[in-house]
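S.K.: 2 is the number of the first residue of the sequence shown in my numbering; add one for each residue after it.
These are calculated hints, taken from the structure and not from any lab test. On a predicted model such as this, the values are computed, not experimentally measured, just so you know. All C-beta atoms, glycine included, are put in the ideal place defined by N, C-alpha and C. A portion of the hints provided could be inaccurate.
Straight line, CA to CA, 20 Å or less: simulated EDC-like cross-link-like pairs of lysine to aspartate or glutamate [said to hold, decoys possible]: (1) Lys125 <-> Asp61; (2) Lys86 <-> Glu46; (3) Lys185 <-> Glu214; (4) Lys247 <-> Glu27; (5) Lys206 <-> Asp230; (6) Lys51 <-> Asp61.
Per label pair, the in silico range of CB-to-CB distance [said to hold, decoys possible]: (7) Glu118 <-> Thr149: 16 to 24 Å; (8) Lys51 <-> Glu159: 15 to 23 Å; (9) Ser153 <-> Ala28: 32 to 40 Å; (10) Ser157 <-> Thr240: 14 to 22 Å; (11) Leu63 <-> Glu177: 28 to 36 Å; (12) Thr240 <-> Gly216: 28 to 36 Å.
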Amino acid sequence: MSCFGSIIEQDKYLELESDVKKRFPEADVFMAFSSRMVLKMLKKEGREFKNLPQTLADVDMLGYKNIIVASINLFPTDEHEVTKKISDGFNSFSPANIRVTDAVLTKTKDTTLFLKELDKSIKKDGTANLYVIHGTPRLDTRGIDSITYTHSFLESFEGNFCCSLEGSYPWYAYKEAVISRMQKEGYKKVQVVPMLLVSGNHYIKDMVEIKEELGEFFESSIVESLTKDEKFNLLELPTVREIIYKNIEEEIIKLGCK
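Use the sequences and the hints to build the structure in full.
M.R.: Given below as C-alpha cells:
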C-alpha cells in the first residue's frame, strides 16, 4: 500500500492497513510512504517507516511472485504517477509480476457516485459549501482531468464553490471572486470542505486560515466529520474504503489469483 503519509494523522493509514488485512486475509500487506519529510519527522519520534522503493525491494527479496501496489492517493496525479514509475522500474528487473491499482478518484462512475453522495451528506439549507482541493502546481500533469471533473461536477450543484490550495483556481488568487459570488447568491453561512484523505497539516493550517478569511464576510465553519474522527477526512468514509478495496480486487483478478 503506497501512501503519502502524515506526521499528524499517520495512524489513519495504519488503520486502513488493518482493515485491508481483514478484507484480504489471503494476502500479506505492507505499507510504504512517499513523503521524505513525513518519514524523517516520524523517525525522530521513534516511528520508522519505509518508502516504496525500500518496501518493494524487501518484498522482492522475500520471493513474492505477484505484487499489487495499492495507490492510496485521492487523484491520479503527481504522487500516483511516481508510484507507477517506481513500480514500472521494479518490473523491469524483478521476476515478480507487479501491478498498480487506480487512485481513488479515477473511474468516472465511482467518482461521480462518491461526489454525489458526499455532497448530499454535508448539505445544509442556506449554507454554501466551499470544496477545497489540494491541486497540482502544473497544468500539464497527468491525471489532472480527474481534478477538473471533480471541480466541475461539485460546482454543478446549487450552493457549491470550489478552489484549490496549490493547483488551478487557487484560493490565494480566486478568493475575491468566490466571496463575491457567494454574496451575490445571498449566502450568510459557509462551510469549508477539505478534499483531503486525512486531516493533517493542510487541515490544521490552510483550512483554518480559509475559514477565518471567510469569517470576515460570513458565518464560517469547517464541515463536521462524517466518521468517528472529530475532524473531517475522506479516508475513513465507507465509500472511499470500498473504492480502494474494489481497486485491489480488480488487480487480484487480473493477476489470476481469484
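S.K.: Which numbered hints turn out to be false for this structure?
M.R.: 1, 2, 8 and 11
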